[in-house]
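Q: Between the sequences and the hints, there should be enough to build the whole structure, so can you do that?
Heads up: the sequence lines are chains B and Y, in that order.
Following our numbering, the numbering of the first sequence begins with 1 at its first residue and continues without gaps.
Following our numbering, the numbering of the second sequence begins with 1001 at its first residue and continues without gaps.
One thing to keep in mind: the hints can contain errors.
[To be verified] Keeping only pairs whose Cα atoms sit at most 20 Å apart, straight-line, the calculated SDA-like set for lysine to any residue is: (1) B:K246 <-> Y:K1082; (2) Y:K1246 <-> Y:D1273; (3) B:K322 <-> Y:R1149; (4) Y:K1100 <-> B:G152; (5) B:K322 <-> Y:D1111; (6) B:K322 <-> Y:T1108; (7) B:K246 <-> Y:N1121; (8) B:K250 <-> Y:Y1151; (9) B:K250 <-> Y:A1138; (10) Y:K1131 <-> Y:M1107; (11) B:K119 <-> Y:T1017; (12) B:K250 <-> Y:R1149; (13) B:K246 <-> Y:R1149; (14) B:K322 <-> Y:A1150; (15) Y:K1100 <-> B:R327; (16) B:K119 <-> Y:I1063; (17) B:K54 <-> B:P29; (18) B:K246 <-> Y:F1101; (19) B:K250 <-> Y:Q1090; (20) B:K250 <-> Y:A1150; (21) B:K246 <-> Y:A1138; (22) B:K322 <-> Y:E1154; (23) Y:K1202 <-> Y:A1138; (24) B:K250 <-> B:L320; (25) Y:K1078 <-> Y:D1007; (26) B:K246 <-> Y:D1273; (27) B:K246 <-> Y:P1105; (28) B:K192 <-> B:G152; (29) Y:K1241 <-> Y:D1223; (30) Y:K1246 <-> Y:S1281; (31) B:K54 <-> B:S83; (32) B:K250 <-> B:S317; (33) Y:K1082 <-> B:V244; (34) B:K119 <-> Y:E1154; (35) Y:K1082 <-> B:R118; (36) B:K119 <-> B:V129; (37) Y:K1082 <-> B:V117; (38) Y:K1131 <-> Y:Q1090; (39) Y:K1100 <-> B:E223.
Source of the hints: derived by calculation from the structure; they are not laboratory data.
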Amino acid sequence: MLTLGSIAVTLLGLLFITFVIGRVMPIDPVLAIVGERASQETYDTVYLQLGLDKPLMVQFFYYLWDVLHLDFGTSLLNARPVSEDIARVFPATLELATIGIIFGVVLGVPLGVLAAVRKGSWIDQIARVVALVGYSMPIFWLGLMGLLVFYGILGWVGGPGRVGIFYVDVVPSVTGLILVDSLLDGNWDVFKDAFSHIILPASLLGYYSLAYVSRMTRSFMLEQLSAEYITTARVKGMSEWDVVWKHAFKNIRVQLITVIALSYANLLEGSVLTEIIFSWPGIGSYITTALLSADMNAVLGGTVVVGLIFILLNILSDLLYKVFDPRAK
Amino acid sequence: MMSTLLDVQNLWVRFPTRNGVFDAVRGVSFTLGRERLGIVGESGSGKSMTGRAILRLIRPPGIVEADQVNLEGQDLMKLSEKDMRSVRGQRISMVMQDPKFSLNPVMTIGDQIIEAYRLHNSASKADAYNKSLEMLEAVSIRDAERVMRAYPHEMSGGMGQRIMIAMMLIPNPEILIADEPTSALDVSVQRQVLDIMDKLVKERGMGLIFISHDLNLVADFCDRVLIMYSGRIVEVCDADKLHEAKHPYTRGLLNSLPRLDAPRDRLEVLERDPQWSEAPSVSGSE
Chain B
1 MLTLGSIAVT
11 LLGLLFITFV
21 IGRVMPIDPV
31 LAIVGERASQ
41 ETYDTVYLQL
51 GLDKPLMVQF
61 FYYLWDVLHL
71 DFGTSLLNAR
81 PVSEDIARVF
91 PATLELATIG
101 IIFGVVLGVP
111 LGVLAAVRKG
121 SWIDQIARVV
131 ALVGYSMPIF
141 WLGLMGLLVF
151 YGILGWVGGP
161 GRVGIFYVDV
171 VPSVTGLILV
181 DSLLDGNWDV
191 FKDAFSHIIL
201 PASLLGYYSL
211 AYVSRMTRSF
221 MLEQLSAEYI
231 TTARVKGMSE
241 WDVVWKHAFK
251 NIRVQLITVI
261 ALSYANLLEG
271 SVLTEIIFSW
281 PGIGSYITTA
291 LLSADMNAVL
301 GGTVVVGLIF
311 ILLNILSDLL
321 YKVFDPRAK
Chain Y
1001 MMSTLLDVQN
1011 LWVRFPTRNG
1021 VFDAVRGVSF
1031 TLGRERLGIV
1041 GESGSGKSMT
1051 GRAILRLIRP
1061 PGIVEADQVN
1071 LEGQDLMKLS
1081 EKDMRSVRGQ
1091 RISMVMQDPK
1101 FSLNPVMTIG
1111 DQIIEAYRLH
1121 NSASKADAYN
1131 KSLEMLEAVS
1141 IRDAERVMRA
1151 YPHEMSGGMG
1161 QRIMIAMMLI
1171 PNPEILIADE
1181 PTSALDVSVQ
1191 RQVLDIMDKL
1201 VKERGMGLIF
1211 ISHDLNLVAD
1221 FCDRVLIMYS
1231 GRIVEVCDAD
1241 KLHEAKHPYT
1251 RGLLNSLPRL
1261 DAPRDRLEVL
1271 ERDPQWSEAP
1281 SVSGSE
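A: So this is what it looks like as structure tokens:
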């Protein structure tokens, strides 16, 4: 199958690039493990253990083999397997990004449609301003202001972190998503606490995706609303609501999927600033911390996972195209 | 005199622009009986706008004004948008130029036809389906069941236009506005589509407004012709007497057509007289 083949090639390319990055970095992987005061003998042993004496091509196949077995090596910072770390931090990002994208889509799409249908009206103007603010405000500023107002002054939401200190590790981790785990455990208190913690950073991320999604929706809709089949629908005697949702909207679904998938992928990479401000132990802050401490195994492992997410979302949107557009079959 | 279906008096279509108001249609009056009324004119003469204004499909900021657009005693200009919706499709319908664009690309043809029927008839899905099949067969579509399941991009232009005609006639309207229905089609299928449309319009005793820039086609196909120039009607004549038209614009248009029986090296160029657009609109009422 063509799709499977292209996925394999993309994946191979991704792994090749991360491999090359790992090799050209001016960081000695042996020194990073054994430390600077190790004897030459120790150094040589580890050097051989890592297979660094083999040709690059062979090393690449070792690397491929390891990655395919989900072995990204050991983190230098905490001496744990990188895959374990990622399995811990990724669900945190997944939870945040998913609620964020739901927020962005549920509000952004109708806002964009409305702005297109009532082009030039006050709704369109408001949508424009909302999106402009979303595009141009630095997220750390909005995040800090949000914390100050909603957590510090009003006390409506939880503060930084995924749950309050009393709820840490209360529910057993099954999926790694605290909202889901607490529901599985039937622990409402943890769920409520986790929800109050996630709502602010998720809305913030959602706001950014809303800005993007609503602008794109608007321009897709404007294009469709001037199409001739829309006139046909009106000639049939259809109400404007049905013309918009049953005819025009059906035609922007494919384009919307692309936009939403991209936006979701962006959030899933982990937005470093949001995660740092909200002390969110996600993949964005994980990779950043690893990068700053030259923990290459962690950086490359994280990069591969992020790349994989992009590939997976692309496959998913390709599949959805075929559902929504008869011409793509 | 035949019974009047539609009586349009002093119809204006206006578009406010940066440099003042642009009048696309300027005080057009005509009546339509159970006949085939042609409207001809060049691009921008206001013929399409006239058709769309009757259905009140001109979108804001465009403005439609008229003393009356009387459909069998009911003034369409006075109807609310909601009441107007029950006129569209059910009483006056329209076939547009290119089926490639006028059919929704992501809906099956069946769904689009069934929808047109069920908007005005409280029929069950199964009844609407059967009715749609019948209608497709009436426009000479073979293998109608397969076509019902197909999407517009799987159809040829001629089929697409016959499907459009089926879709627009299924609620049984009294008037059909055909806006250049054959301009996007191959010459070889033009006649076929016209014949089907003509047959159905006649059988049902409908009025047809046929908008076209093709003089010969209109002369051939219609009963009566309105010639429009810059938003006004400059001449009205019986279609079979179109070649005896007197107005210099109509004469100019006729003379600029190439003819097989009288070949010429150089076709005549239409000389426009600014007076034509100033002269009051001729009434097209019977």
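Q: Does each hint hold? Answer for all of them.
A: Results for each hint:
For the proposed pair K246 (chain B) and K1082 (chain Y), the alpha carbon gap of about 18 Å is at most 20 Å, so the pair holds. Annotation: proposed proximity of K1246 (chain Y) to D1273 (chain Y) holds, straight-line Cα distance about 15 Å (limit 20 Å). Pair hint K322 (chain B) plus R1149 (chain Y) holds up; C-alpha atoms about 17 Å apart against a cutoff of 20 Å. Between K1100 (chain Y) and G152 (chain B) the alpha-carbon distance is near 59 Å, which puts this suggested pair outside the 20 Å criterion.
As the CA atoms of K322 (chain B) and D1111 (chain Y) are separated by approximately 19 Å, the hinted pair is consistent with the 20 Å bound. Distance check on the hinted pair: K322 (chain B) and T1108 (chain Y) sit about 15 Å apart at the alpha-carbon level, within 20 Å; holds. Distance check on the hinted pair: K246 (chain B) and N1121 (chain Y) sit about 19 Å apart at the alpha-carbon level, within 20 Å; holds. The straight-line distance between the Cα atoms of K250 (chain B) and Y1151 (chain Y) is roughly 14 Å, inside the 20 Å bound, and the hint therefore holds.
Proposed proximity of K250 (chain B) and A1138 (chain Y) is contradicted: the alpha carbons are some 29 Å apart, above 20 Å. A C-alpha spacing of about 18 Å is found between K1131 (chain Y) and M1107 (chain Y), which places the hinted pair at or below 20 Å, so the restraint holds. For the hint pairing K119 (chain B) with T1017 (chain Y), the CA-to-CA distance comes to about 17 Å; that is within 20 Å, so the pair holds. For the proposed pair K250 (chain B) and R1149 (chain Y), the alpha carbon gap of about 17 Å is at most 20 Å, so the pair holds.
A threshold of 20 Å between alpha carbons decides the hint, and for K246 (chain B) with R1149 (chain Y) the separation of about 18 Å falls inside it, so the pair holds. A threshold of 20 Å between alpha carbons decides the hint, and for K322 (chain B) with A1150 (chain Y) the separation of about 15 Å falls inside it, so the pair holds. For the hint linking K1100 (chain Y) to R327 (chain B), the alpha-carbon distance of about 13 Å falls within 20 Å, and the restraint holds. Distance check on the hinted pair: K119 (chain B) and I1063 (chain Y) sit about 17 Å apart at the alpha-carbon level, within 20 Å; holds.
Distance hint between K54 (chain B) and P29 (chain B) is fulfilled; the C-alpha atoms sit about 15 Å from each other, no more than 20 Å. Distance check on the hinted pair: K246 (chain B) and F1101 (chain Y) sit about 17 Å apart at the alpha-carbon level, within 20 Å; holds. Restraint check for K250 (chain B) and Q1090 (chain Y): the C-alpha separation of about 25 Å exceeds 20 Å, so the hint is violated. Taking the CA atoms of K250 (chain B) and A1150 (chain Y), the gap is about 17 Å. The hint holds against a cut of 20 Å.
For the proposed pair K246 (chain B) and A1138 (chain Y), the alpha carbon gap of about 27 Å is over 20 Å, so the pair is violated. Only pairs whose Cα atoms come within 20 Å are accepted, and K322 (chain B) paired with E1154 (chain Y) is accepted, the gap being roughly 16 Å. A threshold of 20 Å between alpha carbons decides the hint, and for K1202 (chain Y) with A1138 (chain Y) the separation of about 13 Å falls inside it, so the pair holds. Only pairs whose Cα atoms come within 20 Å are accepted, and K250 (chain B) paired with L320 (chain B) is accepted, the gap being roughly 13 Å.
At most 20 Å may separate the alpha-carbon atoms for a hinted pair to count; K1078 (chain Y) and D1007 (chain Y) meet this at roughly 14 Å. In summary, the hint linking K246 (chain B) to D1273 (chain Y) is not supported, as the alpha carbons are separated by about 48 Å, beyond the 20 Å threshold. Taken as a hint, the K246 (chain B) and P1105 (chain Y) pair is honoured in the structure, with Cα atoms around 12 Å apart against an allowance of 20 Å. Of the supplied pair hints, the one linking K192 (chain B) and G152 (chain B) holds, its CA atoms being roughly 18 Å apart against a limit of 20 Å.
The straight-line distance between the Cα atoms of K1241 (chain Y) and D1223 (chain Y) is roughly 10 Å, inside the 20 Å bound, and the hint therefore holds. Proximity of K1246 (chain Y) to S1281 (chain Y) is assessed by CA-CA distance (about 15 Å); at most 20 Å being required, the pair is judged to hold. Among the hinted pairs, K54 (chain B) with S83 (chain B) is inconsistent with the structure: their alpha-carbon atoms are about 25 Å apart, more than 20 Å. The straight-line distance between the Cα atoms of K250 (chain B) and S317 (chain B) is roughly 16 Å, inside the 20 Å bound, and the hint therefore holds.
Between K1082 (chain Y) and V244 (chain B) the alpha-carbon distance is near 16 Å, which keeps this suggested pair within the 20 Å criterion. For the given pair, K119 (chain B) sits about 34 Å from E1154 (chain Y) by alpha-carbon distance, which is inconsistent with the 20 Å threshold. Among the hinted pairs, K1082 (chain Y) with R118 (chain B) is consistent with the structure: their alpha-carbon atoms are about 18 Å apart, no more than 20 Å. Taking the CA atoms of K119 (chain B) and V129 (chain B), the gap is about 14 Å. The hint holds against a cut of 20 Å.
At most 20 Å may separate the alpha-carbon atoms for a hinted pair to count; K1082 (chain Y) and V117 (chain B) meet this at roughly 18 Å. Distance restraint check for K1131 (chain Y) and Q1090 (chain Y): the Cα-Cα separation of roughly 15 Å lies within the 20 Å cut-off, and the hinted pair is therefore satisfied. Restraint check for K1100 (chain Y) and E223 (chain B): satisfied, since their Cα atoms lie roughly 16 Å apart, inside the 20 Å limit.
In this structure, the hints that do not hold are numbers 4, 9, 19, 21, 26, 31, 34, in rising order.
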